[in-house]
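Chains as they are written, first to last, in our numbering: chain D, 1 to 255; chain P, 256 to 1026.
I should point out that these hints are in silico values taken from the structure, not numbers from a laboratory.
Any given hint might turn out to be false.
Claimed, not checked - Derived, one-sided and incomplete: chain P residues facing chain D with beta-carbon distance under 8 Å: (1) 281; (2) 350; (3) 380; (4) 381; (5) 384; (6) 385; (7) 387; (8) 760; (9) 773; (10) 786; (11) 787; (12) 790.
Said to hold, decoys possible - Simulated pairs of lysine to aspartate or glutamate, EDC-like, Cα-Cα distance not exceeding 16 Å: (13) D:111 to P:372; (14) P:433 to P:372; (15) D:50 to P:794; (16) D:52 to P:824; (17) D:50 to P:788; (18) D:50 to P:315; (19) D:193 to P:315; (20) D:52 to P:372; (21) D:110 to P:372; (22) D:180 to D:150; (23) D:180 to D:151.
Glycine included, each C-beta is placed from N, C-alpha and C at the ideal position.
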Amino acid sequence: MTHPALYVLVLAQVAAGAPAPTPEVIVQRVLDADPWGLSGATVAAHATLKDKHGATSELAYEARSLRYDPPLAKSLIRFSAPADLAGAAFLQVQRKDGDDERYLFMPDLKKARRISGNLRANAFMGTDFSFADLDRRDLRESRATLKGEEDHGGTRCYHLEAEPTRPDSQYALIELWVRKDNFVPLKWVFYNKARMVVKTLTAHEVRRVKGQWFISRSTMVNQQEGHETELVLTDIQPRNDLPDDDFTVRNLEKL
Amino acid sequence: MRAFVRFQLAHRRAVVAVILVSLAVAGYAARTIQVRFQYKDFYDYPGNPDMPLFARYSHEFGDPAGFVVALIQADDVFRPDVLTFVDAVTRDLEPEPLFAHVRSLTNAKAISGDGDDVQSGLLMATLPTTSAERERVRKIAVGSALLVRRVVAADSTTTAILAEMRTPATLASIDEQKQAIAAVDRALARHPPPPGVRVVTTGGPVAETETTGALAHDILVFTPAALLVIVLALYLTFRSVQGVLLPLAAVGVSVAWTAGIFAQLRHPVDIVGSTLPATLLVYGAVDPIFVLSRFMQKLDQGLEREEAIVVAMRELGLPCFLTSFTTALGFLAFCTATLPTVSRFGITAAIGVTLAWVTTMTVLPVLLSWLPPPRRNLGELRVAKLVDGWLAGLWRAIRGRGRAVLAATAVLIVVGGALAVHQRVSSIYVDNLPPGTALDSIHTLEQKLSGVIRTVVYFEGEPGSMKRPDVLRAIAAVDRFAERKSYVNTSISLADLVAEENRAFNGGDPAATTIPASAALIAQYLAILDPEDRADFVDGTYARSHIRILTADPGSETFRQLRAELEAEIARDFAGLGVTVSLTGTAMVGYAALDRVVVEMVVGFAIGFAIIVLFVLVLFRSLRIALISVVPNLLTVIAAFLFMRALDISLRMDTSLFLSVCVGGLFNTTIHLAARLRIAVAQGQTDRDVAVEETMRTVGPPSLYTAAILSLGFACFMLSGFPGLRAFGMLSLVTLVVAFFSDIIVSTTLLRRFFGWPRPGAAPARTLEAA
Chain D
1 MTHPALYVLV LAQVAAGAPA PTPEVIVQRV LDADPWGLSG ATVAAHATLK DKHGATSELA
61 YEARSLRYDP PLAKSLIRFS APADLAGAAF LQVQRKDGDD ERYLFMPDLK KARRISGNLR
121 ANAFMGTDFS FADLDRRDLR ESRATLKGEE DHGGTRCYHL EAEPTRPDSQ YALIELWVRK
181 DNFVPLKWVF YNKARMVVKT LTAHEVRRVK GQWFISRSTM VNQQEGHETE LVLTDIQPRN
241 DLPDDDFTVR NLEKL
Chain P
256 MRAFVRFQLA HRRAVVAVIL VSLAVAGYAA RTIQVRFQYK DFYDYPGNPD MPLFARYSHE
316 FGDPAGFVVA LIQADDVFRP DVLTFVDAVT RDLEPEPLFA HVRSLTNAKA ISGDGDDVQS
376 GLLMATLPTT SAERERVRKI AVGSALLVRR VVAADSTTTA ILAEMRTPAT LASIDEQKQA
436 IAAVDRALAR HPPPPGVRVV TTGGPVAETE TTGALAHDIL VFTPAALLVI VLALYLTFRS
496 VQGVLLPLAA VGVSVAWTAG IFAQLRHPVD IVGSTLPATL LVYGAVDPIF VLSRFMQKLD
556 QGLEREEAIV VAMRELGLPC FLTSFTTALG FLAFCTATLP TVSRFGITAA IGVTLAWVTT
616 MTVLPVLLSW LPPPRRNLGE LRVAKLVDGW LAGLWRAIRG RGRAVLAATA VLIVVGGALA
676 VHQRVSSIYV DNLPPGTALD SIHTLEQKLS GVIRTVVYFE GEPGSMKRPD VLRAIAAVDR
736 FAERKSYVNT SISLADLVAE ENRAFNGGDP AATTIPASAA LIAQYLAILD PEDRADFVDG
796 TYARSHIRIL TADPGSETFR QLRAELEAEI ARDFAGLGVT VSLTGTAMVG YAALDRVVVE
856 MVVGFAIGFA IIVLFVLVLF RSLRIALISV VPNLLTVIAA FLFMRALDIS LRMDTSLFLS
916 VCVGGLFNTT IHLAARLRIA VAQGQTDRDV AVEETMRTVG PPSLYTAAIL SLGFACFMLS
976 GFPGLRAFGM LSLVTLVVAF FSDIIVSTTL LRRFFGWPRP GAAPARTLEA A
């Protein structure tokens, strides 16, 4: 949870050219942001998946989300492309304690299935984003260290290292470069337990909509497998007025 | 020849200097020779029609069993201490850049269902701490078609950590495979196994590297063993150090020259090439023995040393050339083989035999002129007298039974030939590995898990075709067909994956382990998979997929049958589906190539045989003698094939090698007999019994010694760690012994009857030398 006083403190520090905020504060600001529109927004998104042989496939979805207990959120994603995926939908309810709840609806099965188990390391609908990348729980529950300030793509950034503390995390370390001015993370480097780079997420385009920053175009590259996924967000509408009933299994099963 | 020898002797310092320089050059070149056994050498060669598909498949899906395997055996591999050990080794290996993936029970993913819940993801994100959790993961693991026999045995007594090489093992070099094995060994060394747990490193790469070591060891054993046979033969013949050293020096120089030339081929010594050193030593030693013996005869007759050398060389230059030439021709016939390893063997052996003749004509005379000659010669030996008496007795026994001998020969050729043509061609890989821990661990791998022999059914269609229910059902049908074979340990396909997901999404109901009818549902099942996991089964465009069939090694004969049956099944299941289905994998590509080697060996042998018969025809200008020469040698070959049938030895790459080495050994005695008989006739001998007996008693002893040296020399291969090479040694022994007896009994009988004896008063026949 973010206290308004924290913003005031950070703004005051920035304005005064004061020393950098603590890593915990930076991580909290990153978590407060919703760069992929999955925490209090409606977005239309389009992903292009490229495998190691260069074959590409497309994925399109619309996501609605509700931040119900910041930074926890509920999100419902309906897929529209490719054609054989149309109608499939996914509901995720983040939980503070215990596993997040996830439900998958496939029209031919008529009924949603609760997906449990150690799914966090799995890819999200075949993309190079894992469920863990999207729920950002590894960042939520991590020990962060500020490594300094660096320029990234011409923008001054905080360079952070976060070590996830959850035992089921697939990552041992996440490096982030977070823009100093708006706390949007521009680059993430994910390391596995063997401290090898497994994936790199790079933000290519950030967009401010109604005062909120979104990463509208980003690429996740899986270095180990040679895949990559480009995620483009279109039609971003930050809103937190969606009814809670939208994020139920019953609603998920509506075609 | 006389002038040549005199010239050499006059400039012997220069000749020795040239030889020493050439030895230094050959030795320098030969230092680069490596010994290597690599299965891919038998199929990965330009022009192999199976390779483009195999390469395309390997590029797409890697090697289905090219893992370095840490095989872990315990009373229960789900024991907490065993799982902790597996996890520690797995985590240790994961960062190793040599490996594309490291898979084990502790990082495997699985999908299972229970009611409306689907459990997906890591089989164990954290190690189970309670017995209930352990039982749950055990149930999922041994119930998953994708995990059982792959990373865990159905009885939970064996598990495996599969370290998949980044370079597919089928295409990797031995060094790359050694590095991968060393990485696994290092990881295992860092984590001692719990009590009662047995761990071995195994898998395809281990089999290949262990075999390379065994092959090098073999060469180090049977080359000295062949050398020992020659040394013994030389010592028994000449009873002096010089008598041993002089011929050995000659043959040694020829082997060194050949090694230098072989090095220029820039190819390591493989299992076929491993027979070369012993082959060259054994064949190369024969001529120097005859030259040395003749030289000593001439000394005994009172000639001066230099004159004795010149006369001995003049008398034996041509016969030695003829026998060496026929031997070289026999080997050269193998250069027609498409498989480089066979053609290289043929060319190298032909060069080696020719060089052995060259060194007999150059090195030996020079050394004879320098070193003191041996004290005793061949004729003084008691054994020589015994042999002479035995040959005389033998001739007495058979000369009156010519019809019986010929009738028996005819029966043997017809009946034996009819039986011999039905040879079983069955190459084998696993059970041809030398006994030891590597073989034992591969057998365990086969019994408990999957094995190292891989067959692949490769599907190629339009993009999206692998998501179609009809295609997946057809894949499932072929998959099930393969699984019904007793030697198939695992058969895994995209259909298994989809069926397993369908079961999970249908409450875990085993009846739902089927391909759903809805194409959309299949697409959705596939879409939720990790790209990394999915890529093991299907390409990114869903145009290509495969069935990976891992088996024990029943031999190529079974795989030929499997291929035919799979093709029939595929034709039934895939009719009209618009999907191209091919069979590939090392079992299909490798065994096809190995079987081709056998065919090429047989064809090469037949060509060599025919060339030598033609050569005899030209040499003697006699169709009669050419035809006579066919009979005893054909009989020998038939006898060897009958021996194979009797002992149930299949024709395969290594056993068929006996054809290659024996083609050079056949015909020599026949040629000597015919040539000697011509001399007898030219000298006016008209009594055929007397002429043949004299011929037999003149040619018989050296032929017997030659046969003894050759057969005992090749019998050294019976010391090999490779069962196939042991069979090769035995077959060579049998063939060369039978060849000797066949010539002494059948050739003499045929010559006595059909030689073309001159009518009284006719002009004497021309001798070979005159020809």
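Against the structure, the hints come out as follows:
1. 281: violated (48 Å)
2. 350: Given a least distance of 3 Å, the restraint on residue 350 of chain P holds.
3. 380: holds (4 Å)
4. 381: holds (5 Å)
5. 384: violated (11 Å)
6. 385: violated (16 Å)
7. 387: violated (16 Å)
8. 760: holds (6 Å)
9. 773: Residue 773 of chain P check passes; min Cβ-Cβ to chain D is 4 Å, inside 8 Å.
10. 786: Since chain D brings a Cβ to about 5 Å from residue 786 of chain P, closer than 8 Å, the hint holds.
11. 787: For residue 787 of chain P, the interface hint holds, since the closest Cβ of chain D sits about 5 Å away, which is under 8 Å.
12. 790: This interface hint holds because 7 Å falls under the 8 Å limit.
13. D:111 to P:372: Distance ~11 Å between residue 111 of chain D and residue 372 of chain P Cα, so the pair holds.
14. P:433 to P:372: Violated, because 45 Å separates the two Cα atoms, which is more than 16 Å.
15. D:50 to P:794: Between residue 50 of chain D and residue 794 of chain P the Cα gap is close to 11 Å, so the pair holds against 16 Å.
16. D:52 to P:824: violated (33 Å)
17. D:50 to P:788: holds (15 Å)
18. D:50 to P:315: Holds - the C-alpha atoms of residue 315 of chain P and residue 50 of chain D are around 15 Å apart, at most 16 Å.
19. D:193 to P:315: violated (28 Å)
20. D:52 to P:372: violated (33 Å)
21. D:110 to P:372: holds (14 Å)
22. D:180 to D:150: holds (10 Å)
23. D:180 to D:151: OK: residue 180 of chain D and residue 151 of chain D at ~10 Å, within 16 Å.
Hint check: violations occur at hints 1, 5, 6, 7, 14, 16, 19 and 20; the rest are consistent with the structure.
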